[in-house]
Amino acid sequence: MAVYALAAAGAVTIVAVALIVLALVFYLVSTIVALRKITAGLDEVIAGVGEIVEKSAPVNGVVTTINEQLDAGVELLEGLLVKKAGMADALGLVDGLYPGAAAAGFRAFPDSTTTEVPRIGEVYTLGTLTLARLGREAPIAAASPEGPVLRNPAYASAAARGLYPEVRQTHPASLPKSPVIGTGAPVQYEQREDIGAPRKRLPGRTVLAEPHPEGAGGSGSGAPGSGGEPEQGNGSPDETIRWTRGGERE
Amino acid sequence: MILWWIGDMVLLVVILPVVVYLLKGVLDAAKSIVPSVDEIAKTARAGSKDLDAAALLLTTQDEVKQTVAVVADYGGSLDVILDDAR
Numbered sequence: 001m002a003v004y005a006l007a008a009a010g011a012v013t014i015v016a017v018a019l020i021v022l023a024l025v026f027y028l029v030s031t032i033v034a035l036r037k038i039t040a041g042l043d044e045v046i047a048g049v050g051e052i053v054e055k056s057a058p059v060n061g062v063v064t065t066i067n068e069q070l071d072a073g074v075e076l077l078e079g080l081l082v083k084k085a086g087m088a089d090a091l092g093l094v095d096g097l098y099p100g101a102a103a104a105g106f107r108a109f110p111d112s113t114t115t116e117v118p119r120i121g122e123v124y125t126l127g128t129l130t131l132a133r134l135g136r137e138a139p140i141a142a143a144s145p146e147g148p149v150l151r152n153p154a155y156a157s158a159a160a161r162g163l164y165p166e167v168r169q170t171h172p173a174s175l176p177k178s179p180v181i182g183t184g185a186p187v188q189y190e191q192r193e194d195i196g197a198p199r200k201r202l203p204g205r206t207v208l209a210e211p212h213p214e215g216a217g218g219s220g221s222g223a224p225g226s227g228g229e230p231e232q233g234n235g236s237p238d239e240t241i242r243w244t245r246g247g248e249r250e
Numbered sequence: 001m002i003l004w005w006i007g008d009m010v011l012l013v014v015i016l017p018v019v020v021y022l023l024k025g026v027l028d029a030a031k032s033i034v035p036s037v038d039e040i041a042k043t044a045r046a047g048s049k050d051l052d053a054a055a056l057l058l059t060t061q062d063e064v065k066q067t068v069a070v071v072a073d074y075g076g077s078l079d080v081i082l083d084d085a086r
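Just so you know, the sequences run in chain order A and B.
Just so you know, we're using the numbering used here here: the first sequence kicks off at 1 and counts up by one.
Just so you know, we're using the numbering used here here: the second sequence kicks off at 1 and counts up by one.
Here chain A stands alone, though its shape is the one from the complex (with noise of 0.2 Å):
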C-alpha cells in the first residue's frame, strides 16, 4: 500500500514537473519568435534612421550658409534705410508698413529698439511715404527741394501739406483771382483778326467726273480720281476747284 502512495505521488511530481517544463517551452519560444521579430523590425528602424542621417548631414551647413547670407542682407537693406531716412524715420516708416515691427527694432542696430517711434503710418498714404523717401527729387518734394527734412513729428500734417507744389497751404494774403473767360474777357483765348468779323462765304467744291480723253497724257484711265488730283484755286472764296487729269487745271 505504502508503495503505491509512493508512486502515486512520484507520478504526479513527475506530471506536475512535465506541465511546468512543457509551459516554460511554449512561452519561451513564443517569446523568442516575437523578439525575433522586433530584430528584424529593428534593422529596418535602423536602415531608415540611417538614411535619415545621410541625407540631413550637409543641411545644418547649407542652412547656416543661407542665413549668413540673409542676415547680410538683412543688414544691408536695414543699414541703407537708416542712412537714408534716418533711425526714427526708418522706424516709423517700418512700424507704418508692418504695425508693430518697430518694436522688435532693428537687428544691426541694438538702440533702435529704444527709440521712439514716430506714427508715419497715421499721417501718410503708402504712396506718399514711397515719394517722401524717394528724396527731394521726389515731384512730391518739389514744392521745397531745399527745405527741411520731409516729415515733423510734431507737426506733420503742415509737413505733410509743405511737400506739394501748392501756395494755398502758405496762406497768402491774396490768392491770383480766377481768369475771365467769354467774349468779354480782357484777354482773348486766340487773339485773331477775323474773329468777330463777318462770316465769308465758303468756297464752293465741284468735282468733275467726265473723262477727258483729249486731255494731256496721263495714265490712260477714265475713272475720276484714278490719274489726276484735286487742285485748289487761288486762294479767292468764289474759285471752284475742278478734277484735273495729270494735274492740269481745268
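Bear in mind the hints are in silico, worked out from the structure with no lab data behind them.
The beta carbon of each residue, even a glycine, is placed where N, CA and C say it ideally should be.
Do not take every clue at face value.
On the chain A side, residues computed to face chain B include the following (Cβ under 7 Å) [claimed, not checked]: (1) Val29; (2) Val45; (3) Thr64.
In silico negatives: residues of chain A with every beta carbon more than 10 Å from chain B [what the hints assert, rightly or not]: (4) Val59; (5) Thr65; (6) Asp95; (7) Ala101; (8) Arg107; (9) Ala108; (10) Gly184; (11) Glu193; (12) Ile195; (13) Gly196; (14) Ala197; (15) Pro198; (16) Arg201.
Based on these hints, arrange chain B on the given structure of chain A.
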C-alpha cells in the same frame, strides 16, 4: 509521504500557475513591441523619403546668394542716387 503530497499540490496549484503567469506576461510584452517597432520602421522610411528634397537646399543656397547679390547691387545704386538723412 504526506509532505510529498503537499509538495505535489504546491507544485501544481502554486508554482505552475505562477510560472505560466510570468511567462505569459513576458510574451505579451514582447508581442506588444512588434507593432510599435513596425510603426517606427515605417516612420523612419517616410522620414528618409521626405529628406530626399534636402538636396535642393544647395539650389536654394545658390539662389539666395544670387538674390542677395542683386539686392546689394540695388542697395549700392540707391546709396548713390539718394541723399542721406540729415
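A quick look at each hint next to the structure:
no.	hint	in the structure
1	Val29	violated (9 Å)
2	Val45	holds (5 Å)
3	Thr64	violated (10 Å)
4	Val59	violated (5 Å)
5	Thr65	violated (6 Å)
6	Asp95	holds (17 Å)
7	Ala101	holds (19 Å)
8	Arg107	holds (15 Å)
9	Ala108	holds (13 Å)
10	Gly184	holds (51 Å)
11	Glu193	holds (53 Å)
12	Ile195	holds (51 Å)
13	Gly196	holds (55 Å)
14	Ala197	holds (57 Å)
15	Pro198	holds (62 Å)
16	Arg201	holds (63 Å)
Of the hints listed earlier, those the structure fails to meet are numbers 1, 3, 4, 5, in rising order.
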